[in-house]
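Chemist: Chain by chain, the residues:
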Amino acid sequence: MTGTDSALKPRLKRRSTFEYVAWVVCSLIGIGILASVSTNPNFRWGVVAQYFTHDTIIRGLMLTLFLTFASMALGTLLGLGLAIMRGSKIKPIAATANVYITIFRGTPVLVQLIFWFNVSALYPDLSIGIPFTDIGTKIDTNALMAPITAALVGLTLNEAAYMAEIIRGGFSSVGKGQIEAADSLGMSGGMKMRKVIIPQAMPSIIPATGNQVIGMFKGTSLVSVLGVAELLQSAQLIYARTYETIPLLIVASLWYLVMTLLLSYPQSKLEQKYSRATSRLPRKAKKAVVLTEPEEGNLR
Amino acid sequence: MSNDGTILAQKIRKSFGPKTVLKDINLEIASGEICCIIGPSGSGKSTVLRCINGLETVDSGVLKVNGEDFGYYETAHAYHAHSPKKLAEQRTRVGMVFQSFNLFPNMTALENIMSGPVLVKGADKKQAAKRAHELLASVGLAGFGDYYPAQLSGGQQQRVAIARSLAMDPEIMLFDEPTSALDPEKVGEVLAVMKDLAKKGMTMVVVTHEMGFAREVADSLIFMDDGYIVERGDAREVLSNPQEPRTQAFLEQVL
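Taken in sequence, the protein lines are chains W and A.
The first sequence lines up with residues 1 to 300 when you count with the working numbering.
The second sequence lines up with residues 1 to 255 when you count with the working numbering.
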């Protein structure tokens, strides 16, 4: 034995041969890909840099962000309504929400988008007015369903179905005892929803909604098929002219990646905040309070 | 004489699917009476309590709380369910304390106590807060108003829950095994609050396993088994000298 005190020796982690091999193999693959990507002239990194902040691209990005947040906001509102309807004791209301959710979750969103774009084939005119009277106006559906409207409607209606399920899941995470306590105090249904159920469902709804935002952000690329000049369509418009397909797809991808990373940060913070074991501790809770009861004599 | 604070049940039946949990419940509780309900689990004692404040509906029988038909109104041939509004109004006159406290975790102790008066009765916030502080003090928790339920011990949470029910000024308080989820050393503080309340003349119905509390505080005792009230009488009398063999067997096990 050497002179060092055995009790003070560091304890080393065991590294298997496999770990060393994995380091070498993965590094080689990584370096290979990097080398190929940076030396292959067909990637045209100069073109990527040139178009990265091009006006058309930035406008496309802004439209993508608008579509993301607008359809998320509208979809969440509609989803909340559907979730409440689904929990209704009145059968036809619950069934209506059920059918809606089944249809919109059971068909591809791309198909739904194209459907809304072409809905004028089904209903050439939309009339708003009082039935069986002459009062009201007629609107040409084709004019109303401009690509961007169709995109917004399609994304919103689809998102609502998913949000309804997320919100309903949140509702069911609220204990039966909470509802009974509210009932025994004589709270009305709406009051119970606003003051007891929704606040407590939030911890499970918010992180899932963050995920949906990120999904929606990338999902908006689908509306390029309608000719809406969002990020992907903007890139396509440019390369249709210049034939620089790959560099422009890289431009779009880089923006998607950057924005996804930017959105992931608050999302992971939210998830941390709400997934803690103490998630029942609300935001305003004071930390590290000492739980001592006042002495009998101190009681006011 | 006013019927406030009274409970009357006649031939109450209640089934959950194929299982009949209340078979023939007849009881009468006077204003200011402290009544303890004991019995083995599954005997229907919690269900009786839950019917009295409408968490469960009875299938048949007469149920009058505070002197009026509860949850339903009677016509020549049937009982018709009240509107949710009327039911809620009847419920505000019956306080319920749960085994698992069921405080709202998103509200502080004070907000919990204020929730009934402010949200349901539309009381003035300042006055409700003042009253809530008084109630907190009366359950020995003065100064704990800003604590969230998760920051309180079980015994403290249950005392806040009692204060929350009291804030509605009910004529009747129902306790569903209020100390069963507590550490043994916290049981005493909750029972002390309940004893205090009993002295003030509140009608109390307590489903409990605390025979000591029943002996000390209760006026009457009900022993339930298999959906029936097997024995009913003066609390001390029944505990020390049960008449029915089933009651004797049960008390031998728990005492």
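By construction, these hints were calculated from the structure, which means they are not laboratory data.
Among these hints, one or two may not hold up.
What the hints assert, rightly or not - The calculated DSS-like cross-link candidates involving lysine-lysine, where the alpha carbons are at most 27 Å apart (straight line), are:
#1 W:Lys176 to A:Lys130
#2 W:Lys195 to A:Lys125
#3 A:Lys126 to W:Lys91
Unchecked claim - From the derived model, a few chain W residues whose C-beta atoms are all more than 10 Å from chain A:
#4 Leu28
#5 Gln178
#6 Ser184
#7 Leu185
#8 Gly186
#9 Met187
#10 Ser188
#11 Met191
#12 Lys195
#13 Val196
#14 Gln200
#15 Gln212
#16 Ile250
#17 Thr260
Quick reminder that beta carbons are idealized off the backbone N, C-alpha and C, glycines included.
Chemist: All hints, please: hold or fail.
Modeler: Tested hints:
no.: 1; hint: W:Lys176 to A:Lys130; verdict: 30 Å, violated
no.: 2; hint: W:Lys195 to A:Lys125; verdict: 16 Å, holds
no.: 3; hint: A:Lys126 to W:Lys91; verdict: 42 Å, violated
no.: 4; hint: Leu28; verdict: 52 Å, holds
no.: 5; hint: Gln178; verdict: 6 Å, violated
no.: 6; hint: Ser184; verdict: 4 Å, violated
no.: 7; hint: Leu185; verdict: 4 Å, violated
no.: 8; hint: Gly186; verdict: 4 Å, violated
no.: 9; hint: Met187; verdict: 6 Å, violated
no.: 10; hint: Ser188; verdict: 6 Å, violated
no.: 11; hint: Met191; verdict: 6 Å, violated
no.: 12; hint: Lys195; verdict: 6 Å, violated
no.: 13; hint: Val196; verdict: 6 Å, violated
no.: 14; hint: Gln200; verdict: 6 Å, violated
no.: 15; hint: Gln212; verdict: 23 Å, holds
no.: 16; hint: Ile250; verdict: 47 Å, holds
no.: 17; hint: Thr260; verdict: 32 Å, holds
Taken one by one, the earlier hints fail for this structure at numbers 1, 3, 5, 6, 7, 8, 9, 10, 11, 12, 13 and 14, listed in ascending order.
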